[in-house]
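Peer 1: Let's have the full structure, built from the sequences with the hints guiding it.
Chains A and B supply the protein sequences, listed in that same order. Going left to right, the first sequence walks through residues 1 to 269 as our numbering numbers them. Going left to right, the second sequence walks through residues 1 to 169 as our numbering numbers them.
To be clear, the hints were calculated from the coordinates, so they are not data collected in a lab. Where a beta carbon is used, it is the ideal one built from N, C-alpha and C, also for glycine. Accuracy of the hints is not assured; some may be wrong.
[To be verified] Pairs of lysine-lysine residues, derived as DSBU-like cross-links and limited to a Cα-Cα distance of at most 35 Å, are as follows:
#1 K126(A) x K44(B)
#2 K157(A) x K151(B)
#3 K205(A) x K63(B)
#4 K64(B) x K137(A)
#5 K135(B) x K157(A)
#6 K64(B) x K157(A)
#7 K205(A) x K66(B)
#8 K95(B) x K148(A)
#9 K29(B) x K126(A)
#10 K141(A) x K66(B)
#11 K64(B) x K126(A)
#12 K133(B) x K83(A)
#13 K95(B) x K63(B)
#14 K151(B) x K126(A)
#15 K141(A) x K135(B)
#16 K66(B) x K95(B)
#17 K83(A) x K152(B)
#18 K137(A) x K95(B)
#19 K141(A) x K133(B)
#20 K29(B) x K141(A)
#21 K29(B) x K157(A)
#22 K87(A) x K141(A)
#23 K83(A) x K64(B)
#24 K148(A) x K152(B)
#25 K151(B) x K141(A)
#26 K126(A) x K157(A)
[To be verified] Pulled a few chain B residues facing chain A out of the computed Cβ check, cut under 8 Å:
#27 E48
#28 V104
#29 S155
Each chain, letter by letter, is given below.
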Amino acid sequence: MLRPLIGILIFFLLVPAFGQMKTDYQPGTITAVVARTNTSLENSGANYDISVQVGNTVYVVPYTLPLRAVTPQYAAGKELLVKVGEKTISFNDMHGESLEVPIESSCPLEPIRKSIKADPPQAPTKATLVIGVSGVKGNSKGSLTLEKGSLHFVHSKNSFDIPVSLITDLVAGSDSQRVIRGTAGTISMFGPYGSGRFLSLFRSKLDTLTLQYRDPDSGLHGVIFTMSVGRAEPFKRQLIEQGAHTTVETEKSARQETSNLPETTEQKP
Amino acid sequence: MSELYRVTIFFCLITPLCLTGSGLRAQEKPTGVEVEMVQSNEVKLPAEFQVALYENLVQQLQKKRKFEHIYRDGDRNATERPDTIVLHSTVEGFKQGSERERQVTTVAGTTSIRVHCRFSDMEGHTLLERDLKGKVRFFGGNLRATSDFAKKAASAAQEVTIPAKSKSS
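Peer 2: Here's what the structure looks like:
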């Protein structure tokens with residue numbers, strides 16, 4: 001009598017284990033969301049290439065945004081359950097509906113890690129932190145370096161690191177600033193005979209580097225750096241080589257986006 | 001007769017006070033706020049403005065010290081507290097001026113941003129909606145408009161209250 005009972009007990013203990021083995025869904029992390037620039041007008045929604053890391057493999061899948069849906073641009077870094085098939089990936093969207101998308105490409109994660117180890121430390125770049133780091137005042141001057149797979153900013157007393165792998169978006173742009181600025185610049189505005197206004201005509205160009213990253217709690221941070229002309233784009237390229245992600249694919253598309261921006265007209269929906 | 005008159009007066013005074021008291025108790029101040037990334041689906045906004053808007057919002061809310069917890073977009077800890085509100089911001093208008101024009105002409109070159117702010121509870125129920133503007137007219141770079149907007153948004157956040165039902169559910 002006791003033996004059959006023990007047998008039944010063991011059977012029921014093993015059933016959940018077999019059930020778990022059958023579960024095909026596994027955790028994945030969205031590592032990058034890149035907007036497709038060649039979206040045709042006929043297409044109703046925006047198109048994105050979404051990179052999902054599952055285990056040691058990164059899969060790139062196309063995703064078409066339904067009208068009025070929340071843009072997935074800032075989804076990088078978020079986790080979701082995915083089912084990886086031979087040619088497709090299945091996941092549940094925000095409303096719990098199961099979606100299946102084809103796999104465009106897949107690559108193992110190892111080469112990126114190897115390249116991080118192989119890269120020698122870069123020469124420091126003079127940069128100004130405009131905003132984005134708690135504890136460091138806005139417009140703090142310092143040096144920016146890229147070493148051991150993290151972005152390192154050193155200000156007079158403070159320093160901080162951003163692991164490159166956590167960077168979810170990276171955009172290089174351009175701007176300009178007054179040659180005479182700060183307190184002297186403000187005082188010069190009150191110069192006689194419009195001399196202050198005349199001085200404000202002299203401006204120097206600079207590059208901006210805007211990046212977004214997620215902290216260990218998955219909280220989104222944004223940081224803006226400015227640096228001398230021609231520095232931001234190579235820096236951005238180095239960051240991408242080391243594993244940072246960007247929504248603006250190339251320099252050309254970034255220029256295209258900037259040229260599409262209106263200069264003085266207000267945009268209304 | 002006079003006794004009945006007194007009792008009636010007493011109840012007339014007490015009843016509204018009780019009702020007001022229950023009304024006050026039904027609304028509570030949120031202790032935390034989650035700031036979502038500023039969206040600009042319909043307006044093309046440079047990345048630095050988008051990030052500056054978001055970071056200035058977080059900074060200004062921290063400065064006001066009205067909330068115990070300020071969570072960033074996607075922060076896992078935000079879901080742990082039910083009395084947390086969510087700030088959704090959508091850029092609806094953007095006019096990029098020029099610092100040079102501002103300093104030379106004083107009247108031209110204004111940079112302005114119009115943002116629709118929606119405060120909701122964790123379930124997505126709207127608690128407060130505001131259209132706020134950020135401007136820079138005279139001194140400073142174009143990004144100062146984002147700081148101007150953030151100050152106004154942080155002030156608006158102080159007005160948000162959570163209905164008791166929304167908090168308990």
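Peer 1: Does each hint hold? Answer for all of them.
Peer 2: Consistency of the hints with the structure:
A distance of roughly 30 Å separates the Cα atoms of K126(A) and K44(B); the hinted pair therefore holds under the 35 Å criterion. For the hint linking K157(A) to K151(B), the alpha-carbon distance of about 29 Å falls within 35 Å, and the restraint holds. Restraint check: the Cα-Cα separation between K205(A) and K63(B) comes to about 32 Å, which is no more than 35 Å; the hinted pair holds. A C-alpha spacing of about 17 Å is found between K64(B) and K137(A), which places the hinted pair at or below 35 Å, so the restraint holds.
Of the supplied pair hints, the one linking K135(B) and K157(A) holds, its CA atoms being roughly 33 Å apart against a limit of 35 Å. Distance restraint check for K64(B) and K157(A): the Cα-Cα separation of roughly 27 Å lies within the 35 Å cut-off, and the hinted pair is therefore satisfied. With a CA separation close to 40 Å, the supplied pair K205(A) and K66(B) exceeds the 35 Å bound. Of the pairs offered as hints, the one joining K95(B) and K148(A) is violated, with about 41 Å between alpha carbons and a cut-off of 35 Å exceeded.
Taken as a hint, the K29(B) and K126(A) pair is broken in the structure, with Cα atoms around 45 Å apart against an allowance of 35 Å. Annotation: proposed proximity of K141(A) to K66(B) holds, straight-line Cα distance about 31 Å (limit 35 Å). Distance hint between K64(B) and K126(A) is fulfilled; the C-alpha atoms sit about 33 Å from each other, no more than 35 Å. Between K133(B) and K83(A) the CA atoms are separated by roughly 45 Å; this puts the pair beyond 35 Å, and the hint is violated.
Our distance criterion of 35 Å between C-alpha atoms is met by K95(B) and K63(B), whose separation comes to about 27 Å. Taking the CA atoms of K151(B) and K126(A), the gap is near 31 Å; set against the 35 Å cutoff, the hint holds. Note on K141(A) and K135(B): the hinted pairing holds, with a Cα-Cα distance of about 26 Å set against a maximum of 35 Å. Pair hint K66(B) plus K95(B) holds up; C-alpha atoms about 31 Å apart against a cutoff of 35 Å.
Distance hint between K83(A) and K152(B) is unfulfilled; the C-alpha atoms sit about 45 Å from each other, more than 35 Å. For the suggested pair K137(A) and K95(B), the alpha carbons sit about 27 Å apart, so the restraint of at most 35 Å is met. Between K141(A) and K133(B) the alpha-carbon distance is near 30 Å, which keeps this suggested pair within the 35 Å criterion. Between K29(B) and K141(A) the CA atoms are separated by roughly 40 Å; this puts the pair beyond 35 Å, and the hint is violated.
Distance check on the hinted pair: K29(B) and K157(A) sit about 39 Å apart at the alpha-carbon level, beyond 35 Å; violated. At roughly 49 Å between alpha-carbon atoms, K87(A) and K141(A) are farther apart than 35 Å, so this suggested pair is violated. Restraint check: the Cα-Cα separation between K83(A) and K64(B) comes to about 45 Å, which exceeds 35 Å; the hinted pair is violated. This hinted pair does not check out: K148(A) and K152(B) have alpha carbons roughly 41 Å apart, beyond 35 Å.
Note on K151(B) and K141(A): the hinted pairing holds, with a Cα-Cα distance of about 25 Å set against a maximum of 35 Å. Restraint check: the Cα-Cα separation between K126(A) and K157(A) comes to about 15 Å, which is no more than 35 Å; the hinted pair holds. A hinted interface residue such as E48(B) counts as satisfied when its beta carbon comes closer than 8 Å to some beta carbon of chain A; here the least separation is about 5 Å, so the hint holds. Residue-level restraint check for V104(B) holds (minimum Cβ-Cβ distance to chain A is 5 Å; threshold 8 Å).
Because the closest C-beta pair between S155(B) and chain A is about 20 Å apart, greater than 8 Å, the hint is violated.
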